[in-house]
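> The hints should help you fit chains B and C onto chain A, whose structure is shown.
Given next are the chains, with one letter for each unit.
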Amino acid sequence: MSIVRHFPILVVVVPLAGAAFTPLLALWRKKACMLFATAVILLTTVISGFLMVRVLIDGPVSYHLGGWPPPWGIEIFLDQLSAGAFVIASLSLLIIIFSKRYVEKALEENKIPVYYTLVVLNVAGMIGFVVTGDMFNLFVFMEILSLSAYALVAIGGEKIAEMASFKYLLMGAISSLCILLSIALLYSVLGTLNMRDMAVRLQELSSLTVPGVALALFMVSFFVKAAVFPLHVWLPDAHAIAPSPISAILSGLVVKTGIVGILRVLSIYRIYGGLFDLASLNFILSWVGAISIIIGAFFAFFQNDIKMMLAYSTISNIGYIILGIGLASTNGLIGSIVHVFNHALIKVTLFLCAGAIIHKTGHRNLSELRGIGRRMPLTMAAMSIGILSIVGIPPTNGFVCKWYIVLGAIQARKFFFAATLLIGALLILGYYAKIINIAYFREPEEEVTYDEAPFSMLIPIGILAASCLLLGIFAFYPLKFIRPFAEELLRPWGP
Amino acid sequence: MKRFLILISLAAFWIVLLFVVAEMPPIGDPANPTNTHVVPRYLKRGVEEAGCENIVTTIVLNYRGYDTMGEVTVIFTALCSVLAILGREKSKTSYSEVDASPVKPSVIIHTIILLILPLIIMFSLYVILHGDVSPGGGFQGGTIAAASLIVFTLVFGYLHSLNRIPVRLRTSVESSAPIAFTIVGIISFFYHRNFLTFMLPGLSSNYQHLLARGLLLFLEVGIGLGGATIFTSIFYSMKRMEQK
Amino acid sequence: MTFQKLLVNFNYVVAATLFLIGLYCVMVKSNLIKKFMGLNIMETSVFLLVVSTGWVRGGKAPIMVGVSEKASFVNPLPQALILTGIVVAVSTTALALALMIKIYERCGTLDAEKLKGME
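Residue numbers (our numbering), protein chains in the order written: chain A, 1 to 495; chain B, 1001 to 1244; chain C, 2001 to 2119.
Looking at chain A on its own, in the form it has when it is part of the complex (with noise of 0.2 Å):
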């Protein structure tokens, strides 16, 4: 009995199951909680792994369910965009580490185990999401995840918090409500729900109307949950709230679920060269993005609360990889699917620190950060990697994505959005700037009693800061991993 066959469901059922399991435990003893959620997402990280090792080698996995052929049974497809299940479950397996600690300072007692069981099964979600070959699957491991993470953003209790998460509720439930419209629609004019045979018999149709509105509709829902402007506004708020591991996950994570989403949605309709060679879907894409980055960075440049100012760079860096998407080139398109990856990693590092910091000194706002560099000097120098890796200067990972995303501008010879990337940058590096000035360069106003962060939460930090640095030095090998998917969402569809 080979298990590694099985692997392709069992990096979804192992979540799952934890999490059913964890209640249960609870009940025995509170305490092990964290330690089997850990154990649970080490196995699905090791799991994964394998199966991105096995894509690298022999191409994309499929695994049918219950013995089922598609299109009547469901089946699982890793492509290379499948390996984001590997970056999910170890980004996840960090800050569940990095949980332990803050969990126990910043949550009633009684929530510490459901906290667990939410996060194992937003995991469950997200990579249930990544790795489906079918449509009205995608849309239940959507609502999962979705499900998972509005509670997570109001499980600390606060007012405010609770406001924050209703309006992402609100929000979110219409989006997923207007996908399964959308699916809907697209079920009623082509009868099958796999993705990989919507695609072919999408291009066979007459009439072009209902699976036009049904891409929009597509658009519009992942523009929400991935947060690009004008529908970005749920953002700010419920990841500046949240407990800072949750922040970490949203923005880091789920967020790009939503791209991942926007990528599926294109790869059915082929829209480079099949029936629905749509220049005008790249130029709101490419629009639109442009506007997300200006105005993230403005808004961020204003914000006094260190977490505000991540949650509105989530939103400038989101309106990179669109704008990369938009651009129908090569380079553009590699260029912002490892930005996804890299983005997710930086982000993380970025609100672990910011997360060591206010567990830490109960602080939030920059004024009263002063001098901090001096204090926590591990936790800053992180937090310093993670600032040079976003605002993209080598060696570090952030340089290559928007490197290769403005090479992909200049290749598709629009050169007001070369420029567009150039001015976010510096304005990203205005407002970090701010930050590494007031930890390093200013005196604190009071006594301080605070020091460096505990150990659980430093080796967490110090794997992810020195991940960005080793994947700028090695950027080679992700950016010819996912080559191949590139190329097939862009190559022209014809006999």
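Heads up, a few of these hints could be off.
Stated by the list, open to error - List time: in silico DSS-like cross-link candidates among lysine-lysine, alpha-carbon distance up to 30 Å:
no.: 1; chain 1: A; residue 1: Lys111; chain 2: A; residue 2: Lys30
no.: 2; chain 1: B; residue 1: Lys1002; chain 2: B; residue 2: Lys1104
no.: 3; chain 1: A; residue 1: Lys111; chain 2: B; residue 2: Lys1239
no.: 4; chain 1: C; residue 1: Lys2114; chain 2: C; residue 2: Lys2060
no.: 5; chain 1: B; residue 1: Lys1104; chain 2: A; residue 2: Lys31
no.: 6; chain 1: B; residue 1: Lys1002; chain 2: C; residue 2: Lys2114
no.: 7; chain 1: C; residue 1: Lys2060; chain 2: B; residue 2: Lys1002
Simulated from the structure, these hints should not be mistaken for laboratory data.
What follows is chains B and C alone, placed relative to chain A:
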């Protein structure tokens, strides 16, 4: 003014949707793409391949069983979310308005509920167990059972109801639906088949069908029990008023 | 011609209209519970649309007990999809109601305008 703008934009959206709807294949036509591509195999070969007379249950549990596993996880996530926000009721200090009011429920309601409640629960068990040959299934029956418990709580008060189903029992049963799916799915690993395969090889044909139906029944009961307990727990969390 | 097509697809027209009525409620009403009822109306309309795609004229319920195999049946796949969809809708509503209970306990009001002022 704002209302007027919203009305205008929604009316424009409505016109777009009407054009879309006009282009969709006509309702009721047996030659639609939805009725000709995937579905004939379900209808023709569903009973012999998958083991159930009710084709909807066959699709829900066998052909697209992975979706149902996701669905029970969604309802489990809803329970965890409600518990994260509201917290479980505290058995010593929680009560509801019925307990606090000086007026007892009338004799008529009392008697009728006591007479009807066992019938409702028996009906829900029938719906769960008979789901493979008649309309019904695990989730439908579970909801009926939860509805009966909610009626009991509304009429007789919170304290009576909480004593019947203690928290530890509920916590164990709530997880039963995802765990049932995992168990049934992993059984197929031992027969070298993919996850959630019901028709396992190497057995005689009758035994194969019997095993498939047994596994389906196990799943139905798991979903029904899990769904009922989850709804009851959500209701208990929402209904409590704490004693100060 | 379009009008005739709309008459045949009357279920879809009703579903589209309900969708927009629900969207109007979500956007315009200020009470949080009414907003959520609007969302429920939208969800019901989408379910109506999906199930209507499956109807076959003269078809029977897809239960193979005592019927010949040559008879025509209604499409069972949309019904299976909607079973899952209803559960998802109920879960979202449960979560939203829990949040509303908490908000009401904290702020004493469920009016969106007043809540915005309280932030």
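> Are the Cα atoms of Lys111 (chain A) and Lys1239 (chain B) separated by 30 Å or less?
holds (19 Å)
> Would you mind confirming whether the straight-line C-alpha gap from Lys2060 (chain C) to Lys1002 (chain B) stays at or under 30 Å?
Since the Cα atoms of Lys2060 (chain C) and Lys1002 (chain B) sit roughly 48 Å apart, the hinted pair is violated (cutoff 30 Å).
> Quickly compare the C-alpha distance for Lys1002 (chain B) and Lys2114 (chain C) to 30 Å and report which way the hint goes.
Holds, because 18 Å separates the two Cα atoms, which is no more than 30 Å.
> CA of Lys111 (chain A) to CA of Lys30 (chain A), is that 30 Å or under?
Holds: Lys111 (chain A) and Lys30 (chain A) sit about 10 Å apart, inside 30 Å.
> Hint check: Lys1002 (chain B) vs Lys1104 (chain B), CA-CA at most 30 Å. Holds or violated?
violated (50 Å)
> Can the restraint linking Lys1104 (chain B) and Lys31 (chain A) be considered satisfied, given a maximum Cα separation of 30 Å?
violated (44 Å)
> Taking 30 Å as the top limit, are the C-alpha atoms of Lys2114 (chain C) and Lys2060 (chain C) close enough?
The given pair, whose Cα atoms are some 53 Å apart, is violated under the 30 Å limit.
In this structure, the earlier hints numbered 2, 4, 5 and 7 are contradicted, and the remaining ones agree with it.
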